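Chemist: Here's the letter readout for the chains.
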Amino acid sequence: MTSCNASVHRLGNHKGVAIVSRHCFHRTAIMGVTDAEFTAAKDRVGTLTQDPGNEVKLKMYALFKQVTVGKCNAPKPGAFDFVGKAKWSAWNDLGDMTKDDARQKYVDVVDDLVANDPGAQASAPAAATASQSDTAGSSVGGYENLKVSVDRGVCTIMMNRPKKKNALNRETYEEIIKALDSSGKDDSVVFSVLTGAGDFYSGGNDLNNFMSITPDTMKQAAREGGELLQRFVAAFIDFPKPLVAAVNGPAVGIPVTSLALCDVVYATDRATFHTPFSSLGQSPEACSSYLFPQIMGQAKANEVLLFGRKLTAQEAYDRGLVTEVFPDATFQQEIEKKFNEFAKLPRQSLRLSKNLIRGAEREKLHQVNKEECELLEERWTSEECIQAIMDFFASKSKL
Amino acid sequence: MTSCNASVHRLGNHKGVAIVSRHCFHRTAIMGVTDAEFTAAKDRVGTLTQDPGNEVKLKMYALFKQVTVGKCNAPKPGAFDFVGKAKWSAWNDLGDMTKDDARQKYVDVVDDLVANDPGAQASAPAAATASQSDTAGSSVGGYENLKVSVDRGVCTIMMNRPKKKNALNRETYEEIIKALDSSGKDDSVVFSVLTGAGDFYSGGNDLNNFMSITPDTMKQAAREGGELLQRFVAAFIDFPKPLVAAVNGPAVGIPVTSLALCDVVYATDRATFHTPFSSLGQSPEACSSYLFPQIMGQAKANEVLLFGRKLTAQEAYDRGLVTEVFPDATFQQEIEKKFNEFAKLPRQSLRLSKNLIRGAEREKLHQVNKEECELLEERWTSEECIQAIMDFFASKSKL
Amino acid sequence: MTSCNASVHRLGNHKGVAIVSRHCFHRTAIMGVTDAEFTAAKDRVGTLTQDPGNEVKLKMYALFKQVTVGKCNAPKPGAFDFVGKAKWSAWNDLGDMTKDDARQKYVDVVDDLVANDPGAQASAPAAATASQSDTAGSSVGGYENLKVSVDRGVCTIMMNRPKKKNALNRETYEEIIKALDSSGKDDSVVFSVLTGAGDFYSGGNDLNNFMSITPDTMKQAAREGGELLQRFVAAFIDFPKPLVAAVNGPAVGIPVTSLALCDVVYATDRATFHTPFSSLGQSPEACSSYLFPQIMGQAKANEVLLFGRKLTAQEAYDRGLVTEVFPDATFQQEIEKKFNEFAKLPRQSLRLSKNLIRGAEREKLHQVNKEECELLEERWTSEECIQAIMDFFASKSKL
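If you read the protein sequences in the order shown, they are chains R, C and V.
Residue numbers for the first sequence follow UniProt numbering, beginning at 1 and rising by one.
Residue numbers for the second sequence follow UniProt numbering, beginning at 1 and rising by one.
Residue numbers for the third sequence follow UniProt numbering, beginning at 1 and rising by one.
Please note: incorrect hints may appear among the correct ones.
To be verified - In silico lysine-lysine, BS3-like type, Cα no more than 30 Å apart, as pairs:
| hint | chain 1 | residue 1 | chain 2 | residue 2 |
| --- | --- | --- | --- | --- |
| 1 | V | K344 | C | K310 |
| 2 | R | K344 | V | K310 |
| 3 | V | K364 | R | K364 |
| 4 | R | K219 | C | K310 |
| 5 | V | K364 | C | K370 |
| 6 | C | K219 | V | K344 |
| 7 | C | K370 | V | K76 |
| 8 | C | K165 | V | K344 |
| 9 | C | K165 | R | K310 |
| 10 | R | K370 | V | K364 |
| 11 | R | K338 | V | K178 |
Claimed, not checked - So, partial list: chain C residues that the calculated Cβ filter (under 10 Å) puts toward chain V:
| hint | residue |
| --- | --- |
| 12 | W88 |
| 13 | G308 |
| 14 | F326 |
| 15 | E371 |
Claimed, not checked - Residues from chain C that keep clear of chain R, each with C-beta distances beyond 12 Å, as calculated:
| hint | residue |
| --- | --- |
| 16 | E144 |
| 17 | D238 |
| 18 | G320 |
| 19 | T330 |
| 20 | L356 |
| 21 | S382 |
In case anyone wonders, no lab produced these hints; they're calculated from the structure.
Note that the coordinates shown come from a computational prediction; the quantities given were computed from them, not determined experimentally.
A virtual CB, placed ideally from N, CA and C, is assigned to each residue, including glycine.
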């Protein structure tokens, strides 16, 4: 890191900084940047609090690939990979630019962004969820996308991709399956809590899951996706202890539907509940096609499942999806107080009562899960769904 | 139409009119009335806004039969046909009155009624639902008791017997089955809407359905009624697309219970929901014996199903039978806005999601439907039911 | 009764009385007391309105046994009979005290208590539920723990152990089974009402049921308890007419869960609903493991079933467990008005509709009942449950 950069960081965030910073870049550019500076720049990207816009992000993507791979050598993405093609083009357009040049330009862009972003961190970023992890007990290792900890009988499974709104990519699905399985078997755990890091509970299925799919691999990908989803939902159905959801913010898609498979659901009043299946050409999952009508009555369930009505926390409470709503300011306090009480209850009774309650519907739930996944596999390869997802990206990314 | 009548109509509705009108009749009577005048009078009856009372209605019935058939030649109605016997007697009492005399008296009665009814129309009546039909798209022919239209993906099935509070006679049951079947198969239809013309959603089973039944035909009639009901309910169970109920006013009986088979239910705040099965010696239908407890919980469902509690729109919303309630003044606007949005959703997703949701319960629903209809067939031939229906007519018609 | 005692009673309840009374005792003691005086004293205990505390109660128990049995001859109670052992010790500690001495001391204690209790009755107590029984129709005999009466088609089954908060000992379970069976078969009964005498609906399973159990008899006792419970719940499932619960006060345990098997539930606003299964090391019964999630949705049901949340009347209403809540002051009036209306409805229709509604779930309910009872049998012999019940008694009785 050059002294120039350091001074920028000390100067902090007033409007003059951007100019100093830019001026600084040009000097730095002449001097060249090291690998370490490139890595530091890459890390600082994670601390940005403002979206740089698609144009800049595409440029950064292209430069990064040029640095790490060299000249674009990837095949042009498949017909349905809308975003992929835009990224491929940006990379390809860099032509024969040298790695050094690309590295320099990359660091310049990041420095510029950081200098103009009041919330961004000057050097290596601290973990975004540091303050939350302080309150937890012993942390359980082996997770990339989750933060799992056990404290006085309570296992907290925290979806931990706050910058992605805790969206569920394939790895996160697998890790949640693993965390449920492990905490189910761990004798020190009385019950488990599912929650999210940061302001979101979870934005649901990461639609980037769809992005690597080409027409050739589509059927295979749908099969694999369906299989993964079915195992994921089965892990909820068969979880052998009480499972509590602590909905710490907005939830979209399967994080909403899977609430019906949790035993108790506490929510902050900031939470919202959105299931836009139809508008994405898809269909309900996580047994919601069976459980939501049971919970809300069909008139209210179908408005949610078919027509994608987004519920407020209060509406979700009124419809029976949520056990209790707390003001955001006291949410963590209130649920911790409850968890402390619950953890003292006779644990065999909790486990056996949970299984008695689930037992009355278990077989039916597994059957519904299977049928839902089969339909989704079909949906994912349908014209309607492909078009809807492409429209979604087009409208979102303006690419 | 004589100039006398015309002047009456121009004079309109102040208290003096009745006297002029009556005086006028006597002159008209001397002159005789034509077939056209008789037909016009008949049509004007439909524009009356005030109930003329049972005595006058019986008189008009008898005169009408005397004009169109002549001397009473019908067999005396069966023991249970309480109203039929009263009507037969009124006709029979006219004895040998000539058709001309009867026609004259009929027109006199109608003129008198119209002149005394501020809301009645002087000449040929416009369709009662004209204003509503203006907003619809292309009208679908072939229905006597419904108004069916398709507009931008939405098929509206409107029960269209507003003067009968859209009560369901046999023909209306058959036509709703047909309209559901057709709109289910029509590729241009994304979803269907069930609603009523005028101020009522529907008064339910037209109890006149029971009136032609004699002790001899009772068992056969009950069997046929049960068969029709089972097909009617099956058409709801198997409707392959979203089915929305737009409850535009009070609902009684099967129009209430069948809401549980609709996917979404919007209601005006004027709507009420009444299921007086027990007081009529009958039992629940349209799978409500199974679905109402699921929707409301058994404690609230049974109060409705067993003890006939009449629900307000708000109560029906609180109990989960209704998706949303709108003020009557903005009801049509609000639901049209929603329908426009819904119709844009990917239609295969809607259809497949609907079938997924229904699929989880379809078999059970058909079984419950069968059992409910079998019980009702038994009920319809029971002393309790016959007595309750006779009491109902007796108290209602004071005949 | 001596003149001294009589004068105490006349003097009534001001603070001076206690002293007079105590002085009086000493004189009386010298004179000895008769069997009749002992019996009268025993009866006056029932009129006490203030709890004398565990120490005094143990003393009275011991004296009573000494009078009626003589020197302690009972085997020392089993390891788990916490309360039993305390009582046994108190009795055993009296050693060779003569019956006369014990009788005298017993009467002294009671006289002292009565004199210090403003609400206690001087002589033979009237039935605690006298005022309530006045309003009933013909009383049905053969019940010790219930008050059963039939009035104009309504059979009222009143749990009648008000001093025990209408807790359910084995005999009460059996009598409720009998009363349901009888009123189900009685043609004069249109529907039955379950309610409680006094201020409580019912405190639930009488934990004294557990007190006579020793390690040797534990398995057998659990089996018998499970068998009794299964028959009890089956009597609710199969009751062939409408069954109404009139929840006249707080309810705990199975009186709460069995509400889901009643058709309609009216509650006073003083009622509360508590199901502390887990904290007692037990598990849900009366099909609540299946019906509560159906009624409330799983998120609210599990908070109640697993974590023992105590509901107010309003909360129970919001969750669908209760049909309607009335202010305590008008509760009896309101429900009687309703019952009068309901009793006029065609009774065959009520019976057949009830069975239609129950029929859709009957088989499932019996199966769930069986599984719940099997789990409870296991629970009752578990370390967790035994410990939890011993803790309960220890904290409650401070013995």
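Chemist: Between K364(V) and K364(R), does the CA-CA distance stay at or below 30 Å?
Modeler: Holds - the C-alpha atoms of K364(R) and K364(V) are around 13 Å apart, at most 30 Å.
Chemist: Going straight from one Cα to the other, do K219(C) and K344(V) come out at no more than 30 Å?
Modeler: holds (27 Å)
Chemist: With a cut-off of 10 Å on the beta carbons, see whether G308(C) makes it to chain V.
Modeler: holds (8 Å)
Chemist: Let me know if the C-beta of W88(C) comes in closer than 10 Å to any C-beta of chain V, holds or violated.
Modeler: violated (29 Å)
Chemist: According to the definition I'm using, a residue is off the interface if its beta carbon is farther than 12 Å from all beta carbons of the partner; does L356(C) meet that for chain R?
Modeler: Non-interface label on L356(C) violated, nearest chain R Cβ at 5 Å vs cutoff 12 Å.
Chemist: Are the Cα positions of K364(V) and K370(C) separated by 30 Å at most?
Modeler: holds (19 Å)
Chemist: Taken at face value, is the distance from the CA of K310(R) to the CA of K165(C) at most 30 Å?
Modeler: violated (36 Å)
Chemist: Given the hinted pair K370(R) and K364(V), is their alpha-carbon gap at most 30 Å?
Modeler: holds (23 Å)
Chemist: When you check the alpha-carbon spacing of K219(R) and K310(C), does it fall within 30 Å?
Modeler: The hint is violated at about 53 Å.
Chemist: Is it the case that G320(C) keeps its Cβ farther than 12 Å from each residue Cβ in chain R?
Modeler: violated (3 Å)
Chemist: Does K310(V) lie within 30 Å of K344(R) when you go C-alpha to C-alpha?
Modeler: holds (17 Å)
Chemist: May I ask you to check that D238(C) keeps its beta-carbon over 12 Å from the closest beta-carbon of chain R?
Modeler: At about 15 Å from chain R, D238(C) clears the 12 Å cut-off, so the statement holds.
The structure is inconsistent with the numbered hints 4, 7, 9, 11, 12, 14, 18 and 20, although it conforms to all the rest.
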